[in-house]
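Start from the sequences, fold in the hints, and give me the full structure.
Residue numbers 54 to 215, in this note's numbering, belong to the letters of the sequence shown in order.
Think of the hints as simulated: they come from the structure by calculation, not from any bench. Even glycine gets a Cβ: it sits at the ideal position worked out from N, Cα and C. Treat the hints with care, as some may be off.
To be verified - Label pairs and their in silico Cβ distance ranges:
(1) Ser125 <-> Val77: 30 to 38 Å
(2) Phe154 <-> Phe96: 15 to 23 Å
(3) Arg215 <-> Trp80: 33 to 41 Å
(4) Arg207 <-> Leu153: 29 to 37 Å
(5) Gly214 <-> Gly74: 30 to 38 Å
(6) Gly186 <-> Glu126: 31 to 39 Å
(7) Val190 <-> Gln100: 17 to 25 Å
(8) Pro91 <-> Trp117: 34 to 42 Å
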Amino acid sequence: MSTISTGKVLLSLSSSWASVGSVVFDWNDTHIYNPEWPPHAKFHNAQTMSMAAALGAATLATLWGRRGPLTSERLQVAATTASLYWLTQLSAVAYPGTALFDHPRTRKDQAAAGGQAVEGGQAVEDAPPKVRGPQTVIAGLGLALNALGYGLERRRLARAGR
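Dropping the structure here:
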């Protein structure tokens with residue numbers, strides 16, 4: 054039976070949140086059901102949700118699978134797979150034309166405002182934030198949990214001689 058430890062639990066929580074959270078926050082009218090998104094954009098959104106689920110499953114299998122006691126090599130793999138979703142989420146802002154979120158608006162509202170976004174009947178700046186937003190906070194917390202979990206588990210394994 055696998056040892057339950059704080060480090061493994063922290064890595065499991067972070068990877069599970071990435072797996073579930075990506076679907077919770079994207080399976081709605083702003084993303085996968087957004088009529089303004091072309092089918093290929095929805096394809097990539099679906100790909101991201103599937104990748105989060107796959108990375109989460111890989112992390113959990115590596116941490117808790119029945120392959121004997123956890124080794125430092127398997128811990129490194131688990132910490133890497135647990136961190137990849139968060140790292141790619143943070144890196145996405147570096148691509149042209151991306152933003153952390155869209156202002157609530159429709160094309161009809163934009164056309165009425167001469168191309169500007171409209172929120173609550175008022176024209177707003179059309180450029181949503183690129184660096185600060187809930188995604189960067191959540192990704193930062195996920196990575197911090199992974200770093201803490203990895204450090205605690207690495208120390209536990211070193212004491213056990215693995």
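Checked hints:
1. Ser125 <-> Val77: 30 to 38 Å: 33 Å, holds
2. Phe154 <-> Phe96: 15 to 23 Å: 20 Å, holds
3. Arg215 <-> Trp80: 33 to 41 Å: Holds, at about 40 Å.
4. Arg207 <-> Leu153: 29 to 37 Å: 32 Å, holds
5. Gly214 <-> Gly74: 30 to 38 Å: 36 Å, holds
6. Gly186 <-> Glu126: 31 to 39 Å: 36 Å, holds
7. Val190 <-> Gln100: 17 to 25 Å: Since the Cβ atoms of valine 190 and glutamine 100 sit about 24 Å apart, the hinted range of 17 to 25 Å holds.
8. Pro91 <-> Trp117: 34 to 42 Å: 39 Å, holds
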